[in-house]
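Enquirer: Here's the letter readout for the chains.
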Amino acid sequence: MEEVPVQDLFTVNNLWMMIATILVFIMHLGFATLEAGLTRAKNTVNILFKNTIIPAIGLLSYAFVGFNLMYPGADFAGGFFGFAGFGLSLPEGWDSSNYNAGYTYFTDFIFQAMFAATAATIVSGAVAERVKLGPFIIFSILYVSIVYPIVGMWKWGNGFLNTMETPFYDFAGSTIVHSVGGWAALIGAFLLGPRLGKYTSQGMKAIPGHNLPMATMGVFLLWFGWFGFNGGSVLSASPGLVSKVFVTTAIAASAGAFGALLISYLKFKTYDITMVLNGILAGLVGITAGADQMGVLDSAIIGFIGGGLVVFGVVFFDKIKIDDPVGAISVHLIGGVWGTLAVGIFGSLAGMNQLISQLIGIGSVAVFCLGSSWIIFFTLKKTVGIRVPEQEETEGLDLHEHGMSAYPDFATKD
Amino acid sequence: MEEVPVQDLFTVNNLWMMIATILVFIMHLGFATLEAGLTRAKNTVNILFKNTIIPAIGLLSYAFVGFNLMYPGADFAGGFFGFAGFGLSLPEGWDSSNYNAGYTYFTDFIFQAMFAATAATIVSGAVAERVKLGPFIIFSILYVSIVYPIVGMWKWGNGFLNTMETPFYDFAGSTIVHSVGGWAALIGAFLLGPRLGKYTSQGMKAIPGHNLPMATMGVFLLWFGWFGFNGGSVLSASPGLVSKVFVTTAIAASAGAFGALLISYLKFKTYDITMVLNGILAGLVGITAGADQMGVLDSAIIGFIGGGLVVFGVVFFDKIKIDDPVGAISVHLIGGVWGTLAVGIFGSLAGMNQLISQLIGIGSVAVFCLGSSWIIFFTLKKTVGIRVPEQEETEGLDLHEHGMSAYPDFATKD
Amino acid sequence: MEEVPVQDLFTVNNLWMMIATILVFIMHLGFATLEAGLTRAKNTVNILFKNTIIPAIGLLSYAFVGFNLMYPGADFAGGFFGFAGFGLSLPEGWDSSNYNAGYTYFTDFIFQAMFAATAATIVSGAVAERVKLGPFIIFSILYVSIVYPIVGMWKWGNGFLNTMETPFYDFAGSTIVHSVGGWAALIGAFLLGPRLGKYTSQGMKAIPGHNLPMATMGVFLLWFGWFGFNGGSVLSASPGLVSKVFVTTAIAASAGAFGALLISYLKFKTYDITMVLNGILAGLVGITAGADQMGVLDSAIIGFIGGGLVVFGVVFFDKIKIDDPVGAISVHLIGGVWGTLAVGIFGSLAGMNQLISQLIGIGSVAVFCLGSSWIIFFTLKKTVGIRVPEQEETEGLDLHEHGMSAYPDFATKD
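Residue numbers (this note's numbering), protein chains in the order written: chain E, 3 to 416; chain F, 3 to 416; chain X, 3 to 416.
Be a bit skeptical, because a hint or two may be false.
Pairs involving identical chains hold if they fit within one copy or between any two copies, as the list cannot separate such chains.
Only pairs whose alpha carbons sit at most 30 Å apart, straight line, appear in this in silico DSSO-like list of lysine-lysine [claimed, not checked]:
1. LYS384 - LYS415
2. LYS415 - LYS383
3. LYS200 - LYS384
4. LYS415 - LYS207
5. LYS200 - LYS321
6. LYS323 - LYS200
Quick caveat, the hints were computed from the structure, so don't treat them as lab data.
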């Protein structure tokens, strides 16, 4: 008799985690449409191809190796690396609250697996329109199956960032997911160099995205999915906590829109939809580290600042000639760092000790990700090459890598 | 021991309300793509901008003032106006069934907040392609943060429409949400005047939407979200009631498609996809007031008539030269009034007393919304102006208000 | 006291079934955008029209006749045909676990109703760009309201396929749903003949889809919805089983992408996004029959083979001059047959007896669906005709059947 209510609650918790999984899944469509929308029509098939294959890579590689790298086991504590073996193997009681009060083993795996591909998807945007497809897929496989799970383990697998005296805090992954993608995006964009014609002797030339409805759809889908990304990170359907996370997430996104609107209007005297869209995303990335710790006003401030920062970020990276076609570095790296720091400044964990732990987390992830993404991209550059030939870049990657056009029935301007 | 099962049920109920929240959220993407798809390519960025910023306005203003205007408190009964103070403040027991059997305080807030922006989004469609962006945003802030919550309070906050001897009935908002948007859409479209070239001396000239796949996607997303809009209005996961609402909602939408198909085929001898799409929406708006009170056949009749009415509505408003680019007034105002009346005609509440109460509800909301939207739009018209200059309208709002094009890579026809 | 936990669990189960319903609903948007994206811009309105009206047909006809054809009653066992009468009628205890431990009567109806339209939607893709609208709608009504429910009854309504000594197994419908659509797609495409200019004396001429982002969106939405299609087929929120189904479904889809990628790269030496997209779908169709019976590795193998088969299928049907613009027959028929056989080869049911039962199921459904779809299409062909005139096909169905264009603002290439 005692057992029954517990199983009921377990069923509800697990249901929410499965639904959160689906919501995170559809974020991959959001990334695909956002990236495709903010780039040129001649490279659209290439972008769709990358963003379709990346979730498949993420799911398969996470089953083969990633899950057991990220969660080396219940006994594991405090290290830098651990591994529970290849493939998935069902533990005793995998489908009951004996495994976890919030989910089954399979739910655990699939929820985490949906996150895994995100790191590579973020990079995809920054290297768009000039990266070679094959080498990028190799990078994605390595980064998603090895680098991301190791970093994830440091915190979520009970590694050293989780066992510090004041543990590093990153609720749903401002650092662990978004900055992991962001650092590699920075390295990738740097090693590739800017797109042809972007930075000329006459200054920076904007290369506008070819389909803004599609980009807008992408941001709405990402916001939609973020309710699962952050809400699912509660790891149960706990009514108070999940609903609080919904509110902080939505308020930060909204404030991010206004932060970016204000700063971009002041700087450019125009209503720039792409800035507002990226402002929403920066608000979302920013709240992710502390979505469960913040009050409503905290969330609004964090989102607003995140949205403003994205505008400065886009301008800054153009100034140093790091060409990031979709603003991924500004959104995911700057937003991620900002959100991680914000945990030490606002909300229930605020304090100097926490702030120091946050800096340790940001710093160690930065070192590892910068290093590993450099090694992967640089090795690829020196061997097979990472950049398409000039003619291919000019005529479009779709024609050369895929032999097709995304919109064959329409007349284009060039 | 007694407590545990109650908390289980509370967790399920709250879970459904949170999922319904997400579903209502994605309706804003539906509105964005529907409106953008049914208008011209040269104004697309402007429409995306409005529809992206409106949910942000809705969420922030509802946190700041709207929620406490709409729900003045548990003691409040029967009045026209009440206010529980600025900002959100957590009541004791906010995260348990002591607050409500169906949801936490934060879930309550975020579900209602997602509704709030809808009123302004409806207006957006009717004033599209010629309204100035800044004044429209001012209108949206005022309408969403003040007018909508006051009307909402009349019924859902236990105001006078709820305390009449035969209470006005509006399950999920045919009047309280859709007609609130619809009346302001009527005033806005009237005060702005028609788009250039729409009504000429040679008669009405159709201005076709530029992207019908996008419009179709919008209607599917709205229908998808409507399961949360109506289903969430049960305010719990009550199996019988929510599943009944799913059926009435889906049947009315389907019948709406056929109502519009039949009437538009008889009138125009063609299969007009835009009419079918608006017919689905009118079926949905129509069932919204009584989605929990209707049988399957009732729902089919209500939806079918709603779908037919939308065709007559579109023709009628063109005849009186109210230019509504997307048919928003026909869908949300005519559909909303029809659905509200239907509660007195069909289903478990049918009867003369109920019909009279429905008329009182429709009438009082009409007076208040017509008056307040007139005051806002008229004041804006006489001060900053609400219509873009002729050259801007001809060349497109995207170029002038936003300095960009939604589809820069494609060749357009004009 | 004993009753309460049971109702809690019932509420959770029913909630999941309702959410699964919504997920299956949005698959219809996925079908619409996939089919429209893979065909030409001049026929887009026509495709949107079909795919919008089909779910409406499915819901209404399933309420009127289909549900009671498919589920003749609790006493029914082992036959070929049964009928419980027109319309819906609520049984005693319809909204409690007395009706079913997993859902209410209305949930039962609406979940099944969302499946019903799928059969016709599959056909729609194969006959696209040359079928007459009116006759196709007549076909859809007949096929959805009569043929599909009868086949469904054979298994899910406890008909003869379910009462064999070794019952035919089809978890979520590789045969019962997908091959039902696939066989009619084959007949439709055959009786219509290929599109003009597809097979010339110089060989096969590829007719590329006009909007690959839209097609990609379609596949993501289908995958998204498939979590409800397969996960909901558990018929409860059972944590272990639903989460297992999520994993097998996602892994098969991912492996399908790689299967198609590998084979298409080997055959064509190019990265063909449309093959990868169809490979994902074939992986999904393939896992559908045994999604609850397979291990992770089984799922990967089934998906990978399904993805590879789709490439051979597309080539094969082109060789025999069956023109299937979107590859629907390869995905849904070949994938469906493969997935049904796989239940006898992999996973917990594998064995010769099961394989024979699977063959009996595949064969009897084939005979009935080939026969009935031939009768319907052939009768329509000999009376009203099923193919549009040559001029209409050349100029586009949108212009002739609908009097409008999907993209009137854009310049097209022809």
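Enquirer: Hints first: check each against the structure and report whether it holds.
Expert: Hint-by-hint comparison with the structure:
1. LYS384 - LYS415: Classified as neither; 36 Å inside a copy, 41 Å across copies.
2. LYS415 - LYS383: Close neither inside one copy (33 Å) nor across copies (38 Å); limit 30 Å.
3. LYS200 - LYS384: within (24 Å within a copy, 45 Å between copies)
4. LYS415 - LYS207: Both: 17 Å inside a copy, 26 Å across copies.
5. LYS200 - LYS321: Answer is within; shortest intra-copy Cα gap is 11 Å, inter-copy 46 Å.
6. LYS323 - LYS200: within (9 Å within a copy, 47 Å between copies)
Hint compliance for this structure: hints 1, 2 are not met, and every other hint is.
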